[in-house]
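So the protein lines, in turn, are chains A and B.
Per the working numbering, the very first residue in the first sequence carries number 4; after that it's consecutive.
Per the working numbering, the very first residue in the second sequence carries number 89; after that it's consecutive.
Simulated from the structure, these hints should not be mistaken for laboratory data.
Among these hints, one or two may not hold up.
[Claimed, not checked] Cβ pair distances, simulated, as ranges:
1. 120/B with 31/A: 42 to 48 Å
2. 138/A with 165/B: 45 to 51 Å
3. 197/B with 30/A: 44 to 50 Å
4. 14/A with 127/B: 43 to 49 Å
5. 165/B with 12/A: 18 to 24 Å
6. 78/A with 90/B: 47 to 53 Å
7. 196/B with 28/A: 47 to 53 Å
8. 110/B with 35/A: 23 to 29 Å
9. 110/B with 6/A: 25 to 31 Å
10. 119/A with 132/B: 22 to 28 Å
11. 127/A with 112/B: 20 to 26 Å
12. 187/B with 61/A: 26 to 32 Å
13. 90/A with 163/B: 36 to 42 Å
14. 32/A with 101/B: 33 to 39 Å
A quick note: this is a predicted structure, and the numbers were derived from the prediction, not measured.
C-beta atoms are modelled at their ideal positions from N, C-alpha and C, and glycine is treated no differently.
Take a look at the letters that make up each chain.
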Amino acid sequence: MKLFFSIQGGDFTRAGHPSSEVKKVLKQLDIDGKTIKNIVIALYEAEVNVVAHAWRGTVSVEIDENKIIIVVEDEGPGIPDIEQAMQAGFSTASKKVREMGFGAGMGLPNMKKNTDELIIESEVGKGTKVKMINCF
Amino acid sequence: MKLKEIAAVLNATTSCGADKLEEEVEMGYSSDLMSDVLTLDTDNLILITGLVNVQAIRTAEMADIRAIVFVRNKKANEQMLELANENGLVILESPYSLFKSSGLLFQAGLKPIY
């Protein structure tokens with residue numbers, strides 16, 4: 004099964020919509036509750052990152068019998084130092100993002116914690132691609 | 089602790105999920121930082137927060153949290169209530185501060201996560 008969503012940078016009112024839809028689908032597929040929570044938290048963190056930092060992005064979801072592959076790709080400023088961005092507490096978020104309850108530098112580490120595999124590719128000035136894999 | 093007992097302790101009004109006040113929650117977590125809430129492994133909890141926006145509702149949805157108390161007399165707007173209703177969440181609104189709300193619930197027997 005394949006799902007596709009768009010994300011608009013800066014639009015916090017819509018952030019979480021793809022995660023919500025993915026959660027509904029996984030529930031229908033009778034996936035274990037803890038696994039669903041891991042998947043949707045990682046996706047939600049990724050969505051918030053796109054909304055907080057990038058201009059626009061897409062979410063592509065592929066679900067098969069034993070795993071889910073989610074690719075979140077954005078057009079944005081990119082991440083100059085991925086290793087540094089992965090450190091808990093490192094953040095470049097704006098005041099607006101912090102006012103929304105995010106931007107504490109915990110998103111990427113939390114995505115790692117909630118996925119079986121997390122691959123981040125980024126090019127400064129172009130954008131970032133995040134691939135997350137969770138097995139059922 | 090039953091949600092209706094929590095509402096009584098906090099002098100809170102129920103703006104969503106009034107039919108679910110008989111449900112029990114074991115633990116409470118107070119935070120205005122949703123990033124922290126998203127790191128919790130527990131889910132049978134009530135979120136106590138002064139961060140009143142759609143992302144507080146979304147965070148609860150993703151983290152399988154069934155009830156939120158908005159403190160400091162802040163009110164959920166229509167969009168938030170619609171989303172909360174869609175997800176079967178209970179929304180309480182208390183006039184008390186985050187500190188007072190947390191203290192009263194701790195005293196009443198609601199457990200901390202850590």
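Range hint 47 to 53 Å: satisfied by the CB atoms of residue 196/B and residue 28/A?
-> At 39 Å between Cβs, range violated.
Range hint 20 to 26 Å (beta carbons of residue 127/A and residue 112/B) holds or violated = violated, 50 Å
Does 43 to 49 Å hold as the CB distance between residue 14/A and residue 127/B, or does it fail?
-> Violated, at about 24 Å.
Are residue 110/B and residue 6/A spaced within 25 to 31 Å by their CB atoms?
-> violated, 36 Å
Hint says 45 to 51 Å; check whether the CB-CB distance for residue 138/A and residue 165/B agrees.
-> violated, 39 Å
Should the hint that residue 187/B and residue 61/A are 26 to 32 Å apart at their CB atoms be regarded as holding?
-> violated, 42 Å
Kindly confirm whether 22 to 28 Å is satisfied by the beta carbon distance between residue 119/A and residue 132/B.
-> holds, 25 Å
Verdict for residue 110/B, residue 35/A (Cβ pair) under range 23 to 29 Å | Between residue 110/B and residue 35/A, where Cβ atoms are some 27 Å apart, the hint holds.
Okay, residue 90/A versus residue 163/B on CB: inside 36 to 42 Å?
-> holds, 37 Å
How does the Cβ-Cβ distance of residue 197/B and residue 30/A compare with 44 to 50 Å: does it lie in that range?
-> violated, 32 Å
CB of residue 165/B to CB of residue 12/A, is that within 18 to 24 Å?
-> holds, 23 Å
Starting from the range 42 to 48 Å, see whether the pair residue 120/B and residue 31/A falls in it by beta-carbon distance.
-> For residue 31/A against residue 120/B, whose Cβ atoms are near 34 Å apart, the range 42 to 48 Å is violated.
The earlier numbered hints that this structure contradicts are 1, 2, 3, 4, 7, 9, 11 and 12.
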